[in-house]
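Asker: Starting from the given sequences, assemble the full structure and let the hints guide the process.
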Amino acid sequence: MWSLTDITGRLDQWLNQTFSSTWVLVIEMLIAGVAVIGLFAALGLVLVLMERRVAAWIQIRLGPNRVGPFGLLQSLADTLKLLVKEGMTPSGADKFLFNFAPYIAMMVAMLLMAPIAFAKNFQLWDLNIGVLYISAISSIMVISILMAGWASNNKYSLMGAMRSGAQIVSYELSAGLSVLTIVVFSGSLNVTDIINSQADGWWIFKGHLPAWISFVIFIIAVTAETNRAPFDLAEAESELTAGFHTEYSGMKFALFFLAEYINVFIVCALGAILFLGGWMPFHIGHWEAFNHVMDYVPSSIWFFGKTFFLIFLIMWFRWTFPRLRIDQLLNLEWKYLLPISMFNILLATAIAILGWHF
Amino acid sequence: MFEEIGTTSNGDLQINVGPQHPATHGVLHLVLTLNGETIKKVEPHLGYIHRSIEKMCESLSYRQFIYVTSRMDYLSAHMNNHACALCVEKGMQIEVPERAQVIRVIMDELTRIASHELWWGAMAMDIGAFTPFFHSFREREKINEIMEETCGARLTMNYYVPGGLMADLHPDFQKKVKEFIIQFKQRIDEYDQLVTGNIIFQNRMKGVGILSKEDAVSYGCTGPTARGSGLSSDIRKLYPYAVYGKVEFEEILETGCDSFARYMVRIREMKQSIRIIEQLIDQIPEGDFQAKTKAVLKLPKGEFYTRVETARGELGVYIVSEGATTPYRIKFRSPGFSNLSALDSMARGSKLGDLVAMMGTLDLVIPDIDR
Amino acid sequence: MGNEDLKILITELLPAATYDESGEWLNIVVEPASWPAFAAQLRNHESLQFDYLFCLTCIDWKTNLSMVYHLSSTRYRHNIVVKSTLSADQPQINTVCDIWKTAELLEREVYEMFGVNFLNHPDLRLLILPDGWEGKNPMRKNYEDPINMIKL
Numbered sequence: 095m096w097s098l099t100d101i102t103g104r105l106d107q108w109l110n111q112t113f114s115s116t117w118v119l120v121i122e123m124l125i126a127g128v129a130v131i132g133l134f135a136a137l138g139l140v141l142v143l144m145e146r147r148v149a150a151w152i153q154i155r156l157g158p159n160r161v162g163p164f165g166l167l168q169s170l171a172d173t174l175k176l177l178v179k180e181g182m183t184p185s186g187a188d189k190f191l192f193n194f195a196p197y198i199a200m201m202v203a204m205l206l207m208a209p210i211a212f213a214k215n216f217q218l219w220d221l222n223i224g225v226l227y228i229s230a231i232s233s234i235m236v237i238s239i240l241m242a243g244w245a246s247n248n249k250y251s252l253m254g255a256m257r258s259g260a261q262i263v264s265y266e267l268s269a270g271l272s273v274l275t276i277v278v279f280s281g282s283l284n285v286t287d288i289i290n291s292q293a294d295g296w297w298i299f300k301g302h303l304p305a306w307i308s309f310v311i312f313i314i315a316v317t318a319e320t321n322r323a324p325f326d327l328a329e330a331e332s333e334l335t336a337g338f339h340t341e342y343s344g345m346k347f348a349l350f351f352l353a354e355y356i357n358v359f360i361v362c363a364l365g366a367i368l369f370l371g372g373w374m375p376f377h378i379g380h381w382e383a384f385n386h387v388m389d390y391v392p393s394s395i396w397f398f399g400k401t402f403f404l405i406f407l408i409m410w411f412r413w414t415f416p417r418l419r420i421d422q423l424l425n426l427e428w429k430y431l432l433p434i435s436m437f438n439i440l441l442a443t444a445i446a447i448l449g450w451h452f
Numbered sequence: 008m009f010e011e012i013g014t015t016s017n018g019d020l021q022i023n024v025g026p027q028h029p030a031t032h033g034v035l036h037l038v039l040t041l042n043g044e045t046i047k048k049v050e051p052h053l054g055y056i057h058r059s060i061e062k063m064c065e066s067l068s069y070r071q072f073i074y075v076t077s078r079m080d081y082l083s084a085h086m087n088n089h090a091c092a093l094c095v096e097k098g099m100q101i102e103v104p105e106r107a108q109v110i111r112v113i114m115d116e117l118t119r120i121a122s123h124e125l126w127w128g129a130m131a132m133d134i135g136a137f138t139p140f141f142h143s144f145r146e147r148e149k150i151n152e153i154m155e156e157t158c159g160a161r162l163t164m165n166y167y168v169p170g171g172l173m174a175d176l177h178p179d180f181q182k183k184v185k186e187f188i189i190q191f192k193q194r195i196d197e198y199d200q201l202v203t204g205n206i207i208f209q210n211r212m213k214g215v216g217i218l219s220k221e222d223a224v225s226y227g228c229t230g231p232t233a234r235g236s237g238l239s240s241d242i243r244k245l246y247p248y249a250v251y252g253k254v255e256f257e258e259i260l261e262t263g264c265d266s267f268a269r270y271m272v273r274i275r276e277m278k279q280s281i282r283i284i285e286q287l288i289d290q291i292p293e294g295d296f297q298a299k300t301k302a303v304l305k306l307p308k309g310e311f312y313t314r315v316e317t318a319r320g321e322l323g324v325y326i327v328s329e330g331a332t333t334p335y336r337i338k339f340r341s342p343g344f345s346n347l348s349a350l351d352s353m354a355r356g357s358k359l360g361d362l363v364a365m366m367g368t369l370d371l372v373i374p375d376i377d378r
Numbered sequence: 635m636g637n638e639d640l641k642i643l644i645t646e647l648l649p650a651a652t653y654d655e656s657g658e659w660l661n662i663v664v665e666p667a668s669w670p671a672f673a674a675q676l677r678n679h680e681s682l683q684f685d686y687l688f689c690l691t692c693i694d695w696k697t698n699l700s701m702v703y704h705l706s707s708t709r710y711r712h713n714i715v716v717k718s719t720l721s722a723d724q725p726q727i728n729t730v731c732d733i734w735k736t737a738e739l740l741e742r743e744v745y746e747m748f749g750v751n752f753l754n755h756p757d758l759r760l761l762i763l764p765d766g767w768e769g770k771n772p773m774r775k776n777y778e779d780p781i782n783m784i785k786l
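Same order as they appear, the protein sequences are chains A, B and C.
Counting in the numbering used here, the first sequence runs from 95 upward without gaps.
Counting in the numbering used here, the second sequence runs from 8 upward without gaps.
Counting in the numbering used here, the third sequence runs from 635 upward without gaps.
FYI, nobody ran anything at the bench for these hints, they're computed from the structure.
For clarity, every value in this text was computed on a predicted model and none was experimentally measured.
For every residue, glycine included, the Cβ atom is placed at its ideal position computed from N, Cα and C.
One should not assume that every hint holds.
[What the hints assert, rightly or not] Subject to a maximum C-alpha distance of 27 Å in a straight line, what follows is the list of computed BS3-like cross-link-like pairs (lysine-lysine):
no., chain 1, residue 1, chain 2, residue 2
1, B, 220, B, 48
2, B, 47, C, 641
3, C, 775, B, 62
4, B, 244, B, 192
5, B, 97, C, 775
6, A, 249, B, 97
7, C, 696, B, 305
8, A, 429, B, 213
9, C, 717, B, 97
10, A, 249, B, 48
11, A, 429, B, 358
12, B, 62, C, 770
13, B, 305, C, 775
[What the hints assert, rightly or not] Anything over 12 Å on all C-beta distances counts as not near chain A; from chain B, calculated:
no., residue
14, 44
15, 105
16, 145
17, 220
18, 250
19, 290
20, 297
21, 352
Answerer: This is the structure:
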């Protein structure tokens, strides 16, 4: 009775009984908006803390543990600090673009929340091209980075933005192709359909070789797309000081920072949906008893468990690997990942047509 | 020094790296001329931390000036002190007791390990890996503790005086060093697993920052920078001082001439340092730790030059004496200065990211360059 | 090669050179005018091969300046010191940075600290000192800075 579906269902029922249908729509939209902003903030705080704790654990140190119990309030304190900091705009900057860029980053991150299924029947917008929508919207991110880099009137920022432009545009191809593999298997772009097609086993288990290959490529490509180490060339603090956000301070910087973490969450959620069944519990074929036991774990736990596992993976990369060079980065994409992806999608199509997957 | 920089007449981008930049580890200021990401020219601008130690030393007595030199290459403070002490001892013809010489060598090698540890962490950080820094500082901390017990300081030790040492060893010294050796031998394999074998790391380092042997000689490169180019330049072997002539160790030479060769030289050098310490730690002779010297030192009229191998290369101390209590002119031939001069020829044609890796493998310490 | 052999060989190359053997290494005093040709000979002579300039500095003797070049051979491992006396008012000597590349930065340092003018140097500018220091040479003995210099 405490499942998220239940709560939303009852709320909807109650609203429909009290108000006319137009008002219900308006109120529900408002609630959704507030919920997204709330989730945005909460995720930012949780992920920043998680990153710092994971980093500390990998680096044999303790990490934040003073503010609040186990340092849980550390990121809240950091946010407070950033809020009261002066948001400076360099005198030579293009002021409109400079101030607008972080909002684009944030808007993109928020828009991406729409088609993510957080639990069973718990989704903001179940549109029939959900996966395509995520790919399309996430590529707007690069505009905000280019804007920030260009408007800053700083050579480091410009170089960071240029690197990032080249990088995101390139890696979008591989990410898109690996997403397509699963679309071919499940035969739908709809997020709910994709998840439902994994009721008897996740695609990573059912999809044989093509699914494994595309999973690996997907993880590499999204790490690059979100500008995370070892592909953090856009920021590359030892080369470009801070890359595209060198000139940003205060809350404007914080928005970029939060948007990065939300993007990590989104891509990991997408990875979980496509390859690990989203909110779908761990099912094995027709083992009714086993599947039934698994169903007792709430679907939201399954979803967040898988997503945070993937986030942990990406954080692990960051604190382990050195950074690539720009030419190596582009070589990796155009000479290795893209051809492999293309071959892989052929293979996946063949398997899907012949019905060889489970 | 603050001339307007922007784009050159043929459209190349000029960019300031430093004096405040995460990769320069201090206040080095490089003006880069870039064509896209490709480096066309590197121009160092120095002096942000210049304290004119040479001029300062002209008004300090022969006992005092050694303490200033700890602040040159602060990561090999012991070796700087050693070079100065040796030079004064050479001028005064002071016979240093065997005990002091052995302790000096052990301390030098511990310092070398500590310095290379820091370099390892900082260089990994330069190319984007954060974790090694913390791992290397775990071991460096052990050395710092050992130093602190005996010398009373962790960075600028000031432990050597003309004629020997400032004080005798701490009673726990030998025990702690032995513990450190056992621990360190395991850790250094861990370093290899964490960084050396990493495919991204190897791709970033191999074939990057080529410094040919001829260039290394011509630019006066010394230390691991030169030995990475196959140029034999280890002062400990070529002109042995203290008890280096009596211990067994290899001079590490790599012929790769690239960043990876310089990296491997330092990693292997740490193992050799451990080997030297192992030979000496149980053989510290009993006796005085300081020779009897006069209260006021006066070097005879003449010129004296000594050189030692610091963690960065050959440090030369050139004292011109007029027979007074203070040196007439003193010159420190610092290894970093010459190594830096090779950076331009190494970096031309490579990418911006590689410059950072090259500066990492040159192991630049800015106070050592600026003095 | 010992100091004696070096002396014999170098006398053949430059009969005008004078020597000082009180130190550890052979000290050769040359005229500034004959220095560039002599330097090239030291570098390129088959059995000398002084390819490594490990120290380049200047000493202010108040009445005159003295350039000091410490040279070594990475092949034969012998060392010499070359000195050249310059006038205190208008010190100038030819550069050696075309022979030993390391001299480029070292000469720039000497230029700003002692005011020695290196002829034919490709890029003789201030290296360490900030702009506007031209003319004042901090390492000269007659340099006074009442604020920053402490006399002990």
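Asker: Now tell me, hint by hint, if it's right for this structure.
Answerer: Here is how each hint holds up against the structure:
Taking the CA atoms of residue 220 of chain B and residue 48 of chain B, the gap is about 21 Å. The hint holds against a cut of 27 Å. In summary, the hint linking residue 47 of chain B to residue 641 of chain C is not supported, as the alpha carbons are separated by about 44 Å, beyond the 27 Å threshold. A C-alpha spacing of about 9 Å is found between residue 775 of chain C and residue 62 of chain B, which places the hinted pair at or below 27 Å, so the restraint holds. A hinted pair counts as satisfied when its Cα atoms are at most 27 Å apart, and residue 244 of chain B with residue 192 of chain B qualifies at roughly 24 Å.
Proposed proximity of residue 97 of chain B and residue 775 of chain C is supported: the alpha carbons are some 26 Å apart, at most 27 Å. Proximity of residue 249 of chain A to residue 97 of chain B is assessed by CA-CA distance (about 53 Å); at most 27 Å being required, the pair is judged violated. A threshold of 27 Å between alpha carbons decides the hint, and for residue 696 of chain C with residue 305 of chain B the separation of about 21 Å falls inside it, so the pair holds. Taking the CA atoms of residue 429 of chain A and residue 213 of chain B, the gap is near 20 Å; set against the 27 Å cutoff, the hint holds.
Distance restraint check for residue 717 of chain C and residue 97 of chain B: the Cα-Cα separation of roughly 22 Å lies within the 27 Å cut-off, and the hinted pair is therefore satisfied. Only pairs whose Cα atoms come within 27 Å are accepted, and residue 249 of chain A paired with residue 48 of chain B is accepted, the gap being roughly 17 Å. A hinted pair counts as satisfied when its Cα atoms are at most 27 Å apart, and residue 429 of chain A with residue 358 of chain B qualifies at roughly 19 Å. The suggested pairing of residue 62 of chain B with residue 770 of chain C holds, with an alpha-carbon distance near 14 Å, which does not exceed 27 Å.
With a CA separation close to 20 Å, the supplied pair residue 305 of chain B and residue 775 of chain C stays within the 27 Å bound. For residue 44 of chain B, the non-interface assignment is contradicted: its Cβ lies about 6 Å from the closest Cβ of chain A, within the 12 Å cut-off. Distance check on residue 105 of chain B: its Cβ is at least 40 Å (rounded) from any Cβ of chain A, clearing the 12 Å threshold; non-interface status holds. A beta-carbon of chain A comes within 12 Å of the beta-carbon of residue 145 of chain B; the shortest separation is about 7 Å.
Residue-level check passed: residue 220 of chain B sits 26 Å from the nearest beta carbon of chain A, beyond 12 Å. With a least beta-carbon separation of about 36 Å from chain A, residue 250 of chain B lies farther than 12 Å from that chain, consistent with its non-interface assignment. Residue placement check: residue 290 of chain B keeps its beta carbon more than 12 Å from all beta carbons of chain A (closest about 34 Å). A cut-off of 12 Å between C-beta atoms confirms that residue 297 of chain B is not in contact with chain A; the least separation is 40 Å.
At the 12 Å boundary, the C-beta of residue 352 of chain B stays outside the reach of chain A, the nearest C-beta of that chain being 20 Å off.
Checked against the numbered hints above, the structure violates hints 2, 6, 14 and 16; every other hint is satisfied.
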